[in-house]
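There are 2 protein chains.
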Amino acid sequence: MKETTLKQIAETLGISITTVSKALKNYPDVSAKTRNAVLELAKNLQYTPNSFAVNLRTKESRTIGLIIPEVVHHFFSNVINGIIAEAEKQGYLVIILQSNESMELEKKQVELLLNKRVDGIIISLSNESNGDEHIKEIMRREIPFVQFDKIAKLIPSSKVIINDQKAAFEATEHLIKKGCKKIAHIRGPVNPQNAIDRFLGYKKALEQNQIPFDSKLVYTCQNVTFEEGKTFAKQILADHPDVDGIFAITDLVAVGVLAHCNEVNVPIPQQIKIIGFSNWFMSQVITPKLSTVDQPSYEMGAKSFELLLEEMNARKDGKPFTPRTVELSTSIIERESSK
Amino acid sequence: MKETTLKQIAETLGISITTVSKALKNYPDVSAKTRNAVLELAKNLQYTPNSFAVNLRTKESRTIGLIIPEVVHHFFSNVINGIIAEAEKQGYLVIILQSNESMELEKKQVELLLNKRVDGIIISLSNESNGDEHIKEIMRREIPFVQFDKIAKLIPSSKVIINDQKAAFEATEHLIKKGCKKIAHIRGPVNPQNAIDRFLGYKKALEQNQIPFDSKLVYTCQNVTFEEGKTFAKQILADHPDVDGIFAITDLVAVGVLAHCNEVNVPIPQQIKIIGFSNWFMSQVITPKLSTVDQPSYEMGAKSFELLLEEMNARKDGKPFTPRTVELSTSIIERESSK
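Residue numbers (our numbering), protein chains in the order written: chain S, 2 to 340; chain G, 2 to 340.
One should not assume that every hint holds.
Each pair may be met inside one copy or between any two copies, as identical chains are not told apart.
[Claimed, not checked] Result set (EDC-like, lysine to aspartate or glutamate): computed pairs, CA atoms no more than 20 Å apart in a straight line:
1) LYS182 to GLU335
2) LYS178 to GLU134
3) LYS154 to GLU171
4) LYS317 to GLU61
5) LYS117 to GLU61
6) LYS23 to GLU129
7) LYS290 to GLU228
8) LYS290 to GLU264
9) LYS320 to GLU228
10) LYS182 to ASP245
11) LYS108 to ASP245
12) LYS290 to GLU337
13) LYS179 to GLU208
14) LYS217 to GLU264
15) LYS340 to ASP245
16) LYS320 to GLU143
17) LYS217 to GLU143
18) LYS90 to GLU112
Keep in mind the hints are simulated off the structure, nothing from the lab.
The model shown is predicted, which means the values in this text are computed figures rather than measured ones.
Isolated chain S (complex conformation):
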């Protein structure tokens, strides 16, 4: 890497490094003639100030860290989009790490970001995590910190969430209003708060509509994949041939359910009505089109950065900061799969 340094400029002009540095910063105690000579040479040599050096003075890296479970994921890639768009507007760069839903990896990544002295951290937790030591460590160090979507409830950081329980309640009630009487739920893994809340919303909707809850109708994903959707659809049809509604934890799983039903010629929505969650792009292009819960993913990213910026600015100014939780609203999108 060929880089022009202050030293080179100083040597070329036969002046001190301090004078070069002052000239570049427009200090008044440097003569106009010297300043102009420095500026011209700096321009010709394509000098750029070393931003890592700048960090040592301002203690700012203008870089934040983002840890998410998966990049190749409609919801998360939209969140990333929202975060980097907002960060860029404010002159911040974003380092993105992917935990692959592994707590071990997530731990290592938090450590990396802390060592890197990023100005702030945004996380959506892996399915294995829930407010463990590495998350507490971020709080202990008083690094600006925002959790979104998959959060550890008890960690008192800022948070951007949706009301998963309410959204799942509405999704389940949507199926009930459409006439479903025996509704299965394909839920997420045991740990993540959003999987728990969506399950509770499903359960509550049944109870408030006088449909007895039956734990045998609940199937638990390990990896929340298309393949699991197909496998559970097959199993549901075998275990409970009279199931007339399925609420899946996310569209990817729901699309797996649809794919299996299409393969074995189970008519959707006539025999079984299906609703997913998150409004993935493909849900509107498959046959039949999938009903789902619209989750504002881009806004979730943008809002997460906004809260982080608030905290970074407060801490920079030495002001107290009280974490905030922002809840974004969701809505039901009715398409062919639940008509």
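Use these hints to put chain G onto chain S, whose structure you have.
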């Protein structure tokens, strides 16, 4: 941010900062007793070395920059996945910027990364770019640099590509072998090399199979979207009702074509056979399932980082580096839309 510094450790123990620093690095001229005291206190205070400070000495940031046109895009999100997985194995962090297919933004982002003194840069160019000044500037500064997918051919950096012309030739020939005699092509924008090459591959396949090329059968996308696919499908059906094959620049556009054909009850593949490009996930879940060209996106990311690492290591050791171009292979995936 509460951070433990060398100064704090030095003051607490009543020794010099230099001694603390030497103790932490295991220098032999520090007594075992002092070293142990420093290490223990550093551990208790959860001291982490300031990696930005380290940068000044080693001149390494262990951070690379990645500029891509879009994050919410099946192909690019898979590439990101490949890059960050490989980078992490080697202890590098990845700053991700999104150009939104705008040269203006891409320029600004290159400047940002250069100012940030990243150790290397990986780019897939925006549709508006083609080896312009900001790209030449990366070369001039001798920053390790890899281009992938959408490249500026004449910039002599390392490159990871597929043979777009050959892949498009095979896709078009696949339709010909299936009996298509009048094949339309929905191509990408005028600028990007891969759009040009895919168009040339389409043209060559027609010519080598004695089908006269007709420029009226070529439709040009502005934004390469699902909506454009729908719009062009409508237009093709109106302009050339006897078209029996369509080759689209990417699956997203091909899925738009399929969606329109489904809406107006044009039977696929009976009336028109369709093939896309890139093998997006949704292509295997829509009805009918879409034939496509499999493009190794994860490998493209992994290989890009590998080439970048080669160059970063060579430059670090002061060794000469000759840029390499790696061409990954593609294959046709036949599904229902071209049966």
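Hint by hint, here is what the structure shows:
Only within a single protomer do LYS182 and GLU335 lie at most 20 Å apart by alpha-carbon distance; the minimum there is 18 Å, versus 41 Å between protomers. Neither within a single protomer nor between protomers do LYS178 and GLU134 lie at most 20 Å apart by alpha-carbon distance, with minima of 44 Å and 61 Å respectively. Taking the shortest alpha-carbon separations for LYS154 and GLU171, neither the intra-copy value of 22 Å nor the inter-copy value of 53 Å comes in at or below 20 Å. Proximity of LYS317 and GLU61 under a CA criterion of 20 Å is satisfied intra-copy only: 9 Å inside one chain copy versus 27 Å between copies.
In the homo-oligomer, the alpha carbons of LYS117 and GLU61 lie at most 20 Å apart both inside one protomer (11 Å) and across protomers (12 Å), since each shortest distance falls under that limit. For the identical chains of this complex, LYS23 and GLU129 are neighbours neither inside a copy (52 Å) nor across copies (39 Å), given an alpha-carbon limit of 20 Å. In the homo-oligomer, the alpha carbons of LYS290 and GLU228 lie at most 20 Å apart both inside one protomer (19 Å) and across protomers (16 Å), since each shortest distance falls under that limit. In this assembly of identical chains, the alpha carbons of LYS290 and GLU264 lie at most 20 Å apart whether taken from the same copy (16 Å) or from different copies (12 Å).
For the identical chains of this complex, LYS320 and GLU228 are neighbours neither inside a copy (50 Å) nor across copies (48 Å), given an alpha-carbon limit of 20 Å. In this homomeric assembly, LYS182 and ASP245 come within 20 Å of each other (Cα to Cα) only inside a single copy, at 7 Å, whereas the closest approach across copies is 46 Å. Neither within a single protomer nor between protomers do LYS108 and ASP245 lie at most 20 Å apart by alpha-carbon distance, with minima of 42 Å and 55 Å respectively. Both within a single protomer and between protomers do LYS290 and GLU337 lie at most 20 Å apart by alpha-carbon distance, with minima of 5 Å and 19 Å respectively.
Within a single copy, LYS179 and GLU208 get their C-alpha atoms as close as 17 Å, which meets the 20 Å cut-off; across copies the closest is 56 Å, which misses it. Neither within a single protomer nor between protomers do LYS217 and GLU264 lie at most 20 Å apart by alpha-carbon distance, with minima of 24 Å and 39 Å respectively. For a Cα distance limit of 20 Å, the shortest separation of LYS340 from ASP245 inside one copy, 12 Å, qualifies, whereas the shortest one across copies, 34 Å, does not. When the C-alpha separation of LYS320 and GLU143 is checked against a cutoff of 20 Å, the pair qualifies only within one copy, where the shortest distance is 13 Å, while the shortest distance between copies is 43 Å.
For the homomeric pair LYS217 and GLU143, neither the shortest alpha-carbon distance inside one copy (45 Å) nor that between copies (63 Å) is at most 20 Å. Taking the shortest Cα distances, LYS90 and GLU112 sit within 20 Å of each other only across copies (15 Å), while inside one copy they are farther apart (27 Å).
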